[in-house]
Amino acid sequence: MSEKLANPAPLGLMGFGMTTILLNIHNAGFFPISAMILAMGLCYGGLAQIIAGIMEYKRGNTFGVTAFISYGTFWWSLVFLLVMPTMGLAEATPHAYMGWYLLMWGMFTLFMLIGTVNYPRVKQFVFASLTVLFFLLAARDFTGSTLIGTIAGFEGIICGASAIYLAMATVINEQFGRTVMPIGDHKKAAAVQLKAAA
Numbered sequence: 001m002s003e004k005l006a007n008p009a010p011l012g013l014m015g016f017g018m019t020t021i022l023l024n025i026h027n028a029g030f031f032p033i034s035a036m037i038l039a040m041g042l043c044y045g046g047l048a049q050i051i052a053g054i055m056e057y058k059r060g061n062t063f064g065v066t067a068f069i070s071y072g073t074f075w076w077s078l079v080f081l082l083v084m085p086t087m088g089l090a091e092a093t094p095h096a097y098m099g100w101y102l103l104m105w106g107m108f109t110l111f112m113l114i115g116t117v118n119y120p121r122v123k124q125f126v127f128a129s130l131t132v133l134f135f136l137l138a139a140r141d142f143t144g145s146t147l148i149g150t151i152a153g154f155e156g157i158i159c160g161a162s163a164i165y166l167a168m169a170t171v172i173n174e175q176f177g178r179t180v181m182p183i184g185d186h187k188k189a190a191a192v193q194l195k196a197a198a
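Per my numbering, residue 1 is the first one in the sequence shown, and the count goes up by one each step.
Hints are computed from structural coordinates only; laboratory data are not their basis.
Quick list of simulated restraints, FRET-style, between CB atoms:
hint, residue 1, residue 2, range
1, T86, V180, 43 to 49 Å
2, F31, T93, 19 to 25 Å
3, V117, T86, 39 to 45 Å
The beta carbon of each residue, even a glycine, is placed where N, CA and C say it ideally should be.
With the hints as constraints, model all of the structure from the sequences given.
Rendered as structure tokens:
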């Protein structure tokens, strides 16, 4: 008898979405960075996504493994970049270096966006908005522009909210056995799902 595996995507998406919103409320200028954001980055944004990625490995989902473990370790690396200088373990990272760091993550996310071509439209939006977010944050650090940082903050809130919507839609639709919260299923993806269920 085969073992039925739970879908870990909502866990990873919620970890990503909630942490992204909280960080970008800071980027938008509403409150300074605090232990709350760092703790979320370590636990829900970091650990939860890594756990989701390991579960995706068990399901044989290469895209899910790559996305969740990569973004989970992104959150850990970001927290370490912010915390290590305050502990005297490393020098603070210059803004230009942070710009390159964010630019590399933007390029990675752009390639992941290409990989969503046969996924639901909402997932495509999550990766598209995340790509824009990384490039905006990189531009902020390269230029030192407060305005670009504020725009990035509001754009990041939208990105995080779209990930939370996708997570909740996946859970709710699965529980009801029908589409309650639409996610813009791609025709090819839907056909593959129907074939697998047959």
